[in-house]
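**Student:** We have chain A already, so just place chain B with the ligands on it with the hints.
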Amino acid sequence: MNAQPLISCRQLTKIYVMGKTKLYALNNIDLDISEGEFVAIMGASGSGKSTLMNLIGALDQPSQGHVTINGNDISELKPKALSKLRNETIGFIFQQFQLLPKKTAQQNVELPLMYRTPRPSNIKDMALACLETVGLKDRAKHRPMELSGGQQQRVAIARALAGQPKIILADEPTGALDSKTSIDIMKLLIELNAQGITIIVITHEKDVAAYAKRIVEISDGKVTSDRLNMEAA
Amino acid sequence: MNIISTVGLAFSSIIEHPLRSALTSLGIIIGVASVYAMLAFGDAAKAQVEESLNSISSRTMQVWPDWNRRRSSQSRPQMPFTEQDAAEMRNIPGVIASTGNLQGSNATIATDTNDVSGNALGVDADYLKALGNEILLGENITYADIEQKAPVAVISDGVHNRLFEGQNPIGQTIKVNNVSFIVKGVVTKADNNISFGNDDIFAWVPLPLARDRITGGNPFVRNHVSSLRVVGQLGADLNQVEDEMDVILRRSRDIKSGAPPDYRIFSSRAWRQQAADSTKTLSYILAAMGGISLIVGGVGVMNIMLVSVSERTREIGLRMAVGAKGSTVLIQFLTEALLLCAISGVIGLLIGFGVFKVTVDILKLTFNFNPNVALLAFSSSLIIGLLFGFLPARRASRLNPIQALRHD
Ligand SMILES: Nc1ncnc2c1ncn2[C@@H]1O[C@H](COP(=O)(O)OP(=O)(O)OP(=O)(O)O)[C@@H](O)[C@H]1O
Ligand SMILES: [Mg+2]
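Chains as they are written, first to last, in this note's numbering: chain A, 1 to 233; chain B, 1 to 408.
Chain A on its own, in the form it takes in the complex (with noise of 0.2 Å):
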């Protein structure tokens, strides 16, 4: 493994202020994810992974302690770069898909490529070649509404991909889809892992969390349990 890894949480802490209480949604974490690397996160409701995932993702600072993606301390970057950071280096992949309605799925996954300067000349190819991936092509003129569940979060997981990023974070991707279609999310996810990406996914399932190679359980904030997959790895 590299010296220096991809990800890095050092005495990481996030603090929520309401009223006269404090409450540590994340508490005093260090966490090294290297690249290639498919961590699953689990813990129990509120124990804090998505704010977590929401730091590794630049969407959000730090009370205390450094989070640094890449060589890059995110509390040290301007929002121009913290932009430039999520639209370059990581793709997202939330659990309500969050596509946008009235656009096609071609058109959903096109939206990074929109905001990368310089722009790409081909943005219209690249977002066909992610669609192909997730092997939605034929339903690029489609909108959501017009998709299943399971092929929704796929144009998702290709718009995660168009933008060519070296992490993917995903917050509990299968949350809203059945068993079935929940499997076939994360082989997709296993064979983009295969490619190199590095993947980190939120759950609560088990049988989810059993296709990463890694598993991070948190609880109140705190890392209980770092530990390899044997049946994945």
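Bear in mind the hints are in silico, worked out from the structure with no lab data behind them.
Everything numeric in this text was worked out from a predicted model, so none of it was measured.
Just so you know, not all the hints are guaranteed correct.
Sample of chain B residues lacking proximity to chain A, with all beta carbon distances greater than 10 Å (derived) [stated by the list, open to error]:
#1 V116
#2 E315
#3 L405
Derived coverage of chain A by chain B (criterion: at least 3 residues anywhere in the stretch with Cβ under 8 Å from a Cβ of chain B; other residues may be distant) [unchecked claim]:
#4 4-13
#5 52-65
#6 76-90
#7 111-118
Built from N, CA and C at the ideal position, the CB exists for glycine as well.
**Tutor:** Chain B with the ligands alone, transformed into the frame defined by chain A:
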């Protein structure tokens, strides 16, 4: 995001909500339409007023006996005006024409074969110039004609048409009340403001001939004329001219300064100026009303943009998550507001143009398209878009992406 895709995105989000966009546009459309119509109307009215202020009638001063004064028992008899008065006034600086004439009522104007009944006037060489008439054929009566009592006449276009039926009348003989004259010129009746009726049947002959043979005159006063008419140069100080006319008249009829005169000087420029001022005020009020409706429309735009931002909170959050910068989101929403206002502005201009055209036709004003007015009305819609689009756009750009993504 480059300009094309920014505008494209703004355009698609406008057409994705057709009803909402249409309702929002309505305020701006009405605002721009009324601003344009009212500015254009004000502009046309101003042009009309300016023309009226500069017209020859506005620069004309007429001197008539003071009819009211005649009734007073203490006053001495009315003194008639003379050709001498007119000649002296011709020398006042800023005067371009000064004329006396003898008013003849109905006269019969005839050739050997035709005759019409119209007006015959005794005039000097300045008379037609003072009325703004233009020579169509031949030439005007000269002071030499007057001195020599030359039996020449200038006729109106109306007489030309009625008596000569298109043939050249110059050099032909006409009879005015059975007195023979040789036609020397034909003129148009240019100034409709000074009219003896709507007919255009006139014959003008040298003053002394008219006095002797047609209209008659005051037998006790040499060179008597019934009224005087003085026209000032464009831009001349007409009040000054009027004062000097007063001096000449007092001198010629021996009225001390301060004593009540037995004549009156009439001019239309005072009420024309008044009309001009009130037209100007009216057009300002109209434009202000248009401006207010535009602002009301702008508030509508802001309201809808705020709704749009809150409706699209998740979309904004997502765009930020995939790498949209705050400034990009700001520009995106501003562009949307601007585009909406620009489209509304164009529609509003077209409607305003129609309203203006109809108003102009109804009021019989001269129609002229002033591109500056159109530009002003259109750019006001863009300014409204920028002004009222900014707050919602800034709100969008400052959304927290995590909270925005959770929004429902
Ligand atoms: N914006 C916020 N303001 C205040 N408290 C918050 C905020 N976001 C999260 N929290 C709190 O932080 C804690 C961790 O929240 P987080 O969303 O990370 O949990 P989670 O592990 O993702 O839960 P779930 O499995 O239900 O999604 C929770 O107690 C939550 O109430
Ligand atoms: Mg969560």
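**Student:** Please list, smallest to largest, the hint numbers that this structure does not respect.
**Tutor:** 2, 3, 4
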